[in-house]
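So the chains spell out like this:
There are 2 protein chains.
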Amino acid sequence: MLDFFFQPNGVAVIGATNDNRKGGFHIVRNALEGYKGKLYPVNPKYSEILELPCYPDVESIPENFDMAVYFIPAKFLPDTIRACAGKGVKGIIIESAGFSEVGPEGKKIQEDSVALAREHGIRLWGPNCMGYLDGHSRNVFSFMFSNIWTTLLKPGNVSLIVQSGMLSAGFLMMMMERGGMDISKVCSIGNKCDVHETELLEYLIDDPNTGVIGCYLESIIDGRKFLELARSTDKPIIVLKAGRSNSGAKAVMSHTASLSGSADVYSGAFRQAGIVQVYDMHELMDMARGFSKTAAYRPGGKTAVMTFSGGAGIVTADLLEERGLILADLSADTMAALKELFPPWMEPAHPVDLWPAVEQNGVSAVYIAAAAAIMRDPAVDSLLLETFAWEYGKPDYLAEIGRLKKQYNKPVAVWQIGRSPLNAMYRTASEEAGLPVFDEISRCVAFLDAVKRHFTKKKALRKCS
Amino acid sequence: MLDFFFQPNGVAVIGATNDNRKGGFHIVRNALEGYKGKLYPVNPKYSEILELPCYPDVESIPENFDMAVYFIPAKFLPDTIRACAGKGVKGIIIESAGFSEVGPEGKKIQEDSVALAREHGIRLWGPNCMGYLDGHSRNVFSFMFSNIWTTLLKPGNVSLIVQSGMLSAGFLMMMMERGGMDISKVCSIGNKCDVHETELLEYLIDDPNTGVIGCYLESIIDGRKFLELARSTDKPIIVLKAGRSNSGAKAVMSHTASLSGSADVYSGAFRQAGIVQVYDMHELMDMARGFSKTAAYRPGGKTAVMTFSGGAGIVTADLLEERGLILADLSADTMAALKELFPPWMEPAHPVDLWPAVEQNGVSAVYIAAAAAIMRDPAVDSLLLETFAWEYGKPDYLAEIGRLKKQYNKPVAVWQIGRSPLNAMYRTASEEAGLPVFDEISRCVAFLDAVKRHFTKKKALRKCS
Chain A
356 MLDFFFQPNG VAVIGATNDN RKGGFHIVRN ALEGYKGKLY PVNPKYSEIL
406 ELPCYPDVES IPENFDMAVY FIPAKFLPDT IRACAGKGVK GIIIESAGFS
456 EVGPEGKKIQ EDSVALAREH GIRLWGPNCM GYLDGHSRNV FSFMFSNIWT
506 TLLKPGNVSL IVQSGMLSAG FLMMMMERGG MDISKVCSIG NKCDVHETEL
556 LEYLIDDPNT GVIGCYLESI IDGRKFLELA RSTDKPIIVL KAGRSNSGAK
606 AVMSHTASLS GSADVYSGAF RQAGIVQVYD MHELMDMARG FSKTAAYRPG
656 GKTAVMTFSG GAGIVTADLL EERGLILADL SADTMAALKE LFPPWMEPAH
706 PVDLWPAVEQ NGVSAVYIAA AAAIMRDPAV DSLLLETFAW EYGKPDYLAE
756 IGRLKKQYNK PVAVWQIGRS PLNAMYRTAS EEAGLPVFDE ISRCVAFLDA
806 VKRHFTKKKA LRKCS
Chain B
356 MLDFFFQPNG VAVIGATNDN RKGGFHIVRN ALEGYKGKLY PVNPKYSEIL
406 ELPCYPDVES IPENFDMAVY FIPAKFLPDT IRACAGKGVK GIIIESAGFS
456 EVGPEGKKIQ EDSVALAREH GIRLWGPNCM GYLDGHSRNV FSFMFSNIWT
506 TLLKPGNVSL IVQSGMLSAG FLMMMMERGG MDISKVCSIG NKCDVHETEL
556 LEYLIDDPNT GVIGCYLESI IDGRKFLELA RSTDKPIIVL KAGRSNSGAK
606 AVMSHTASLS GSADVYSGAF RQAGIVQVYD MHELMDMARG FSKTAAYRPG
656 GKTAVMTFSG GAGIVTADLL EERGLILADL SADTMAALKE LFPPWMEPAH
706 PVDLWPAVEQ NGVSAVYIAA AAAIMRDPAV DSLLLETFAW EYGKPDYLAE
756 IGRLKKQYNK PVAVWQIGRS PLNAMYRTAS EEAGLPVFDE ISRCVAFLDA
806 VKRHFTKKKA LRKCS
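Going down the list, the protein sequences come from chains A and B. Counting along the first sequence from 1, when you hit position 231 you're at 586 in the numbering used here, and nothing is skipped either side. Counting along the second sequence from 1, when you hit position 364 you're at 719 in the numbering used here, and nothing is skipped either side.
Quick caveat, the hints were computed from the structure, so don't treat them as lab data. Watch out, some of these pointers could steer you wrong.
Given that identical chains are not distinguished, each listed pair holds provided it fits within a single copy or across any two copies.
In silico DSBU-like cross-links for lysine-lysine, where the CA-CA straight-line distance does not exceed 35 Å [to be verified]: (1) LYS377 - LYS391; (2) LYS657 - LYS462; (3) LYS430 - LYS694; (4) LYS463 - LYS442.
The task is simple: from the sequences and hints, build the whole structure.
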């Protein structure tokens, strides 16, 4: 039902410009890079923008079209809606600010516009937002100044609904650059005067390209339906709910003019609906990236730990236990297989500190043999793996561990350390093998905990229904 | 009293080799790169190692010397101690493994060796460790395979006491590469059969080069004295105590053969002694790096927040409040100064989302003017700053914010985002300006919280004494 936004037949850019210091230039440029349909820049000052004919106003566009992107001052919106109605427009993405988030005057324009658009059957997206990016169609309707997305944006199963431009622009690009963040749709919703997170959630749950949905939300409109939708789907849903505190809630008012609601009520409701709640920016992206590679799972929280250093194993054991996860009790067969990799004077233990074995037999041989023994062990539900990007080995073993992950259907989290540029090479090798990489041990543990809770909850909800 | 380890007059390397796949080669190579005194490789198989004369045994070394580094199998240690005694040796750093961490046999060798060394007045460091690095003398007595430290190791005020080789080698190098991690001494203590963390803590508290002490410890020998020392000093002490859980404590046994003690007892005692407790690897390093740039502070927890995006400000406000920190109530003067930077239609709020002002006036002018107004505001105790490494600005404003930090003596934490290579450039600019950089907002908040607690505690302890 929102297809006219995601697969529009013709798009006007109202506020297009040739001035590359302005967002109106970048909306056209970004659209030109990916969108396959017809683009109509609109600005009375130009006859051409980026080699496209530019129209003085919406009325002058010679054909009907589905969608408009709006990037001129707020006060012109009502007239623009009327003009768009005459061109058969179904949806307008309003990327300008200056609406309800700036005070009563802007609020009135916003409310009047919603009423007017409703009369004409036009849906409004935004205002005060950055539109969306689609990794499959490569439609990017955003005033994002950088076109680095043309190399970084890869089609994948992660969709995001964000009430923050940064998370759909600069921060998202940083995540994409690190790798493993392959995208279905990233929707920046701003003040969400009409199209809102619950409607988008429903759309994305039905979207065959979307496997995981991450949300940064300052408020939730129609919370009851949002929770029902979350409960109804097997797709993992991760939510960073901002404005939980008094000062945060106050700040939400001036950011997207939303009422943020009670922190406790949200947390309890999220848990019951099987939503993974997170509290910080990287955490949101880490979880989304992790779940995107962990589609199915046998619930249970018994984790095996393979490290390159004794200290890392101990810190992992502490963090697992403190979260209520269990260090797996490796079977005698597994311990015997590990023993063969170790020098005679050293008994393997769990967490498995592989360093003495690596010294003896090399990284790749040891990691592959140890992972094979551990992943086939029925006492193991998941694996936390430390990898160290160093000169005296190759990341060739990661593909094999990725294969074992798929074979046994057990989630894996990788704690990756090392210096650049090797570190990036290892990270890429892991992500390409389907192994999500995290910067802190605690983040690996939090991810495995979320995976356990998500799939346990989904199993329980399936039994109830 | 441990000076013979840190400023040794002559060092023998027992187990030196020409085989660069072995640690005994790298100990000599690392020592040669920095140590100014005489080096005596010892190995009956070679007459020369790295152009140094090599001796068949300790007895053949023609002079007395202060220190030996031991890297041959455990069983030869007692004889080596006797030989060293004949050469006036004061301390031996034992880097080999195979002692109490591998079982009763190794344990007996270790205990016998300690008794024997005591008879001869020789101190033992290790075993099962990686020696130490000194950023000022550039003494590096470690079998670390990489010599990247020759470019990364910079003299500074951070000292570390770590019961994990990784934290004094691969992981440390990664931290140094990121910048801002300037080192006094990094001591890897292993099984700590004789020299232990409490003795080193005392030494480092007296060390004029050391300003901050970070510890990764699996156990604490002489805990009472450790806490007394922590209470007595103004130097921030950060401790990652591993082996808090049952499974972690079990793993400690097989890593460094230590008894780890009760988690609750440690946490309470740490808090009372003004120790900052951390729970993960990066967290330990982040806190050490942050405190190294935050030497003095006016206690109080009222934090100002400047961001590039509304969402970041709201998440920050939530995390501050959830930690018991207070979002500063900016004065009318400060708000008026901010108003001048903003477009007329936008009222500044706090957290200050600078994006509308940046669009109007550019990043540098806005960040400098906003930081000046905020840092001089008496209602502000500290600043949390988001910086975004992008193409449309320069990191030139960071030096000025560093100057304001020093002028007003108020701590600053930077949340840095952006793509490489710009991100690294901004990070360096911040660290060089004395502004510690963190990857997550929550880490910035945790740091400012630790700073507040540390200096509040130190003030209270000074009043008591």
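Here is how each hint holds up against the structure:
no. : hint            : in the structure
1   : LYS377 - LYS391 : within (23 Å within a copy, 59 Å between copies)
2   : LYS657 - LYS462 : between (52 Å within a copy, 32 Å between copies)
3   : LYS430 - LYS694 : between (74 Å within a copy, 22 Å between copies)
4   : LYS463 - LYS442 : within (25 Å within a copy, 89 Å between copies)
The structure is consistent with each of the numbered hints, conforming to all of them.
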